[in-house]
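Colleague: Quick note, the sequences are listed as chains Y and V, same order.
This note's numbering puts the first residue of the first sequence at 27, with every later residue one more than the last.
This note's numbering puts the first residue of the second sequence at -5, with every later residue one more than the last.
Because the hints were derived from the structure by calculation, they are not lab data.
Mixed in with the good hints there might be a few duds.
[As the list claims (entries may be wrong)] Some but not every residue of chain Y turned toward chain V, in silico, with C-beta under 10 Å: (1) I67; (2) V239; (3) N301.
[Claimed, not checked] Computed beta-carbon distance windows for the label pairs: (4) G75(V) / R232(Y): 16 to 26 Å; (5) G75(V) / G358(Y): 37 to 47 Å; (6) G75(V) / V237(Y): 53 to 63 Å; (7) G75(V) / L199(Y): 24 to 34 Å; (8) G75(V) / L299(Y): 20 to 30 Å; (9) A361(Y) / G75(V): 20 to 30 Å.
C-beta: ideal position from N, C-alpha, C; glycine also.
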Amino acid sequence: MCSLTRRTAMLFLQFAVAATTVVQAQQPAARESGAAEGGPIPVVTGMMSYQSNFSPGTTSINPEFDPILLFPIGDRFLIESEFSMSMNLNRDQGQWGPAVVDHGVEYLQANYIAHPNLTVTVGRFLTPFGTYRERLHPLWIRNLQAEPILFSLNATSGNGAMLRGSAHATKDLDVTYATYYSVASTSKLFESDKQAGFRTSVVLPRRRIEVGVSYNRTMGDNRHTMLGTDFTWNLRRLPLDIRAEALTSKEVGKSYWIEGAYRLNRLGRNPLLRNTQLVFRQEQYWLPHDPVAALNVMNGMGDLPDINTKRSTVGLNYYLSHGIRLNAAYGGNYAPGENSHTWNVGLTYRFAAL
Amino acid sequence: MKRRFICLSFVILTACFAQAGQNTNHPEIDPDEAYKNNCMRCHAATQQYSPRMTKTIIMHMRVRANLPEDVAQAILEYLNGKSEAVRPVAKPPKSGGNQARQGGK
């Protein structure tokens, strides 16, 4: 079984290299964009965040620091990495608990832009399932600090190889794709499951709409298959962004979230309004129908709720200059016997140097 | 056998996509539109960096957001202020709803 897996991985890599070579041979000489002004340089960037959550009887404090290194070599090769450090400190029933420090490598990958429509990635990468993990989960990007329920199912990184890219299918329609294969790792910093999958999407740039479909097969201790879809629409006439994701799996259940973010800049020239954003998110999770699968989930698989759950969250963001954002949110968790409400306030600071 | 078939399918699909873009005539892309149509899909706001740092960040975003090469190039032009459309730096976009070029990456 193990040797079959190794052979499959080797086969995948061989084909990846072959495909790269073929498309590389077809493309015209690489365009050295802006060579006269100098090429890309290494960038150290990242984020610092301080979040506090308050629910009846419990307070939690979560500082986080995520440095990112981008190291380009020429115009086509980029090594990039994000390291994540966070602390969770809880105060329950009047007593502060121990500070739990967590750290890990979110990604450490080498990207080679082999062709205008193909990038080859090797190393540790964010799993391209839906849009939340790859694009929205950084604290300085997400509109609400609380993660959607379904994020606990795909908050993973993979160690392996990935092929990705996009192409103009027509004048007004682009197609994107990402396929990946990851091997299992139990290393604390580089933990991953054996998994394979893909995401493909259709983008209508002029309409600012993207619709994607994702597939993932996880082959570790908790074997499961997930099928997901995502939708993004940045309206042109209104300062409103609508995003949604849905996921279904026989083994881990079903879930969706839908979020609207409205910028108040149309309500007046006052900077207070111009820099303020209102956010609302609705989400729901259903346990799997299969009693054995439901029992697995209830035993703590993927940090999922152990009961059908509905959540509503409303938030307010205020964008200051120099990458600083203030955020506040109020959310309700609705489940039989587990109704609760949580307040969240915090700030994020996005920095870049070098 | 099944796994090999899946791997082969992925690779063939990838090669097809790679080939597809080559033969498509795409009109010249307006940098201002390219920025608003793509960056604001996820970012509520972006920050300004030096031109060489911006090149690096665009490489990163080209991979992360699956941007086509010509679109990434147009966004680079926009962010580096080469386009006439971006001269009024502090002006918020007329459409698309989000504030341009302040805060965040």
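Colleague: Each hint should be assessed against the structure and marked as holding or not.
Modeller: Verification of the supplied hints:
{"no.": "1", "hint": "I67", "in the structure": "holds (4 Å)"}
{"no.": "2", "hint": "V239", "in the structure": "violated (13 Å)"}
{"no.": "3", "hint": "N301", "in the structure": "holds (7 Å)"}
{"no.": "4", "hint": "G75(V) / R232(Y): 16 to 26 Å", "in the structure": "holds (24 Å)"}
{"no.": "5", "hint": "G75(V) / G358(Y): 37 to 47 Å", "in the structure": "holds (45 Å)"}
{"no.": "6", "hint": "G75(V) / V237(Y): 53 to 63 Å", "in the structure": "violated (33 Å)"}
{"no.": "7", "hint": "G75(V) / L199(Y): 24 to 34 Å", "in the structure": "holds (29 Å)"}
{"no.": "8", "hint": "G75(V) / L299(Y): 20 to 30 Å", "in the structure": "holds (27 Å)"}
{"no.": "9", "hint": "A361(Y) / G75(V): 20 to 30 Å", "in the structure": "violated (51 Å)"}
Hints 2, 6, 9 from the earlier list are contradicted by this structure; the remaining hints agree with it.
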